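Visitor: Input sequences plus hints: build the corresponding full structure.
For the protein sequence lines, the chains are A and B, in the order given.
Residues in the first sequence are numbered consecutively from 1, following the numbering used here.
Residues in the second sequence are numbered consecutively from 1, following the numbering used here.
Calculated directly from the structure, the hints in this document are not laboratory data.
These figures come from a predicted structure and were not determined experimentally.
Careful: at least some of the hints might be erroneous.
[As the list claims (entries may be wrong)] Distance condition first, Cα-Cα at most 30 Å in a straight line; then the derived DSSO-like pairs of lysine-lysine:
1) Lys-322(A) / Lys-52(B)
2) Lys-322(A) / Lys-122(B)
3) Lys-123(B) / Lys-322(A)
4) Lys-209(B) / Lys-382(B)
5) Lys-245(B) / Lys-320(B)
6) Lys-465(B) / Lys-209(B)
7) Lys-207(B) / Lys-465(B)
8) Lys-266(B) / Lys-320(B)
9) Lys-52(B) / Lys-122(B)
[To be verified] Calculated Cβ distances over 10 Å to all of chain B for the following chain A residues:
10) Ser-2
11) Arg-113
12) Pro-206
Virtual Cβ for every residue (Gly too), placed ideally from N, Cα, C.
Listed below are the residues making up each chain.
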Amino acid sequence: MSLETVWFCVVALFWLGYLFLEGFDFGVGMLLPILGRDDTERRVLVNTIGPVWDGNEVWLIVAGGAMFAAFPGWYASLFSGAYLPLLLVLLALIGRGVAFEYRGKVDSVRWRRTWDRVIVIGSWIPPLGVGLVLATTVLGLPLDAAGNRVGGPFEAVRWETLLGAVAVAGFSFVHGAAFLALKTEGELSTRAKGIAARALPVALLPLFALLVLVQWREGVGWTLVPLFAAVVAAVTAWTRLARGRDGQAFAALGVVIAGAAITLFGALYPDVLPSTVDAANSLTVDGVASSPYTLKVMTWVALFGAPAVLIYQGWTYWVFRKRIGTHHIPPVHAP
Amino acid sequence: MEVLELARWQFGITTVYHFLMVPLTIGLSVLVAGMQTAWVRTGDQRYYKMTKFWGKLLLVNFAMGVVTGIVQEFQFGMNWNAYSRFVGDVFGAPLAMEGLVAFFVESTFLGLWIFGWDRLPKKVHLACAWAFSLATVASAYFILAANSWMQHPVGVELVDGRPRMISIWAVLTNNTALAAIPHTIAGAFSVAAAFLVGIAAWHLWRKRKEADEHRAVWRSSLRLGAWTGVVAFAVLAITGDMQGKLMFEQQPMKMASAEALCHTEKPASFSIIAIGDVSGKNCEDVKTFNVPALLSFLAHNDFSTEVKGVEQLIGEYQAKYGTHYPDYPELGELAGKPIDYQPILPVTYWGFRIMIGFGALSAGAGVLALWLTRRGRIPDTKWFPRMALLGIATPFIANSAGWIFTEMGRQPFVVAPNPSGVDGVWMFTARAVSNLTTGEVWTSLIALTTLYAALGVVEVFLLRKYVRGGVDAVLPPKPEPDDDSDRDSGDTLAFAY
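Guide: So this is what it looks like as structure tokens:
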């Protein structure tokens with residue numbers, strides 16, 4: 001396999017890591033007003049991801065950085081082409097990150113309610129935006145020969161890419177509910193499980209619609225395998241939830257998103273961003289890759305860096321592995 | 001305004017804003033890790049309280065640094081796609097390394113530090129503090145290596161009109177970077193130093209007349225801050241001089257612009273301050289107070305070196321890089337227009353002076369603080385805490401001015417040509433910008449500026465609240481003796497959002 005292809009897989013892997021890890025972070029934020037009936041319960045929910053959300057978010061930054069380093073043309077064309085959706089994602093991520101850190105810093109009901117609202121909005125917009133951008137990269141933009149977007153600011157917003165937006169948001173919702181079932185105690189956990197089980201068939205539907213659409217338009221033979229695996233995993237997750245096995249359900253949802261990411265990126269390859277006006281203008285793995293030297297340097301860095309990240313992030317999850325309940329939450333203490 | 005101007009304003013605003021949070025994070029996180037080390041080694045409660053208090057302020061600031069940084073990572077591709085395509089082969093590598101090596105460590109170990117006070121053994125918890133504070137320094141290294149490449153491109157060859165990296169080692173050990181990195185890190189420490197001095201001086205003064213159980217906390221913080229500020233300024237002066245000498249060779253236009261030096265001089269005098277218009281169109285109107293031959297010495301360690309003026313350099317640049325922008329449609333209204341090789345002299349001239357002046361002011365405050373607290377003394381004059389509180393702003397101003405000077409001094413280039421580098425490895429800022437509609441860039445400019453302004457107000461409000469709250473507000477609450485609620489103190493989390 002050529003280094004260009006290896007790096008295509010690495011970029012896909014970073015996006016998968018992001019979708020998996022921030023998927024449940026976003027889900028937790030979406031469920032804040034649904035599951036959290038009082039402030040203590042909402043604090044339980046936020047604190048299930050308290051120590052890890054920032055590290056999870058770095059996967060997005062590194063996915064972007066890896067695209068810049070390995071496929072500058074992909075990074076440049078996609079991010080300038082889907083300008084406004086990406087801007088919305090950034091604004092939402094800014095608000096959400098600050099809200100986590102600031103919500104408990106003042107002892108006032110109004111203060112916390114305001115920041116909770118920011119968390120909820122900041123947890124809905126990014127999965128919608130990321131889903132839209134990912135669907136755009138698979139389904140293409142009208143690109144001219146220089147790789148620049150032809151047409152107005154809303155070329156990235158079409159019914160297919162909106163389907164991608166709903167797909168990632170729907171997955172995040174279920175993933176977050178399954179995560180909360182696993183990370184909380186008692187009644188909260190039971191309610192989370194109930195929501196996950198009830199929401200799953202509806203919430204995952206857009207994701208499978210997107211996968212079928214992509215498979216039908218751009219798919220190759222082998223991408224049917226991960227697509228099929230995702231379907232099986234979704235059914236498994238549903239039955240496991242019904243049986244009360246939240247750990248297995250959460251793992252099965254991980255397989256769903258992995259299968260989905262492999263299908264999407266597998267269908268995209270060897271393009272990285274197809275042109276919808278002229279196939280000759282499509283950006284391809286070989287066409288926009290950095291030089292072999294740069295890819296070699298980056299491969300060494302990733303070879304040492306990525307396993308280390310997996311080890312110490314895994315350790316963090318281990319350190320904070322205990323379920324959290326309302327009785328764990330200390331009283332608010334602010335000046 | 002055209003997309004180019006809007007995109008430049010946006011990058012300037014978001015970067016200057018980001019760099020208000022960043023130096024405080026870098027300097028304070030290392031100092032807090034040091035405080036915690038002192039506590040773990042001596043068991044002295046004073047250091048524990050220092051760690052808790054300054055650590056809390058660090059976290060309030062860190063959140064804003066993180067979220068404003070995300071914008072930076074994507075802005076290259078969004079607003080500067082032609083630039084990203086041109087330099088991606090070499091510029092993307094340090095950026096991706098920063099993410100893989102530094103950002104992951106920072107974010108993960110900061111989470112462990114915040115939430116791990118009761119979950120981790122003391123020494124492991126301390127190691128987390130060191131991991132994230134050193135990672136903040138490492139991220140500064142990588143991003144400054146990337147920026148320095150734009151100032152002085154090295155380690156590349158030109159293939160198909162684009163720079164292609166041939167040595168990552170050359171990029172990471174660029175002499176421009178090796179001077180810029182200690183200079184920037186020292187600038188970060190001077191921010192943290194002034195922060196410590198200002199807040200500690202205010203607390204000492206506030207309780208000067210009563211017995212204050214936390215007086216030792218504030219005295220140690222004040223002394224630590226003052227020493228840090230003085231040492232940081234020494235590093236700033238030395239590395240600043242190194243940078244000046246590199247600038248003389250690598251970016252002579254930036255050096256001439258720093259001095260608003262219109263005509264080539266030999267020996268060249270250093271202008272301390274100017275009265276009149278320094279914009280360079282009519283040099284004869286400007287009265288400056290000069291130190292003879294000092295600029296020659298700063299440029300080349302020799303009192304008689306010739307330093308080229310703006311007028312001569314414009315001629316040299318026109319001969320080498322053309323007098324007019326090429327007639328490319330993507331250059332918009334600039335296509336075919338004459339190229340202005342002269343940076344905005346009032347900005348570079350005053351930026352340079354504000355940087356040095358405010359930097360020296362903050363170092364002076366450090367020396368003064370050390371003198372006033374010598375041998376166990378506590379200053380009780382009202383003017384000192386007032387000055388110290390105002391002094392918190394000085395290194396922030398110096399840092400911003402320094403960066404504005406550095407970045408605006410290389411215009412009209414986004415990648416400045418390296419005089420001893422490969423021909424053709426340079427790029428005009430006008431060619432770097434994305435093909436966006438003005439509506440798109442107006443939207444992002446207004447949205448980001450508004451959001452940043454609002455969050456800036458919130459951050460200052462919170463910092464002020466926690467500063468006023470003092471040590472008691474950051475220590476875990478003392479359990480009430482007759483508290484028989486269902487909260488079991490051994491079971492609650494040490495920290496929860």
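Visitor: Take the hints in turn and mark each one as holding or not.
Guide: Results of checking the hints against the structure:
no.	hint	in the structure
1	Lys-322(A) / Lys-52(B)	holds, 25 Å
2	Lys-322(A) / Lys-122(B)	holds, 20 Å
3	Lys-123(B) / Lys-322(A)	holds, 22 Å
4	Lys-209(B) / Lys-382(B)	holds, 13 Å
5	Lys-245(B) / Lys-320(B)	holds, 23 Å
6	Lys-465(B) / Lys-209(B)	holds, 23 Å
7	Lys-207(B) / Lys-465(B)	holds, 17 Å
8	Lys-266(B) / Lys-320(B)	holds, 24 Å
9	Lys-52(B) / Lys-122(B)	holds, 14 Å
10	Ser-2	holds, 17 Å
11	Arg-113	holds, 14 Å
12	Pro-206	holds, 25 Å
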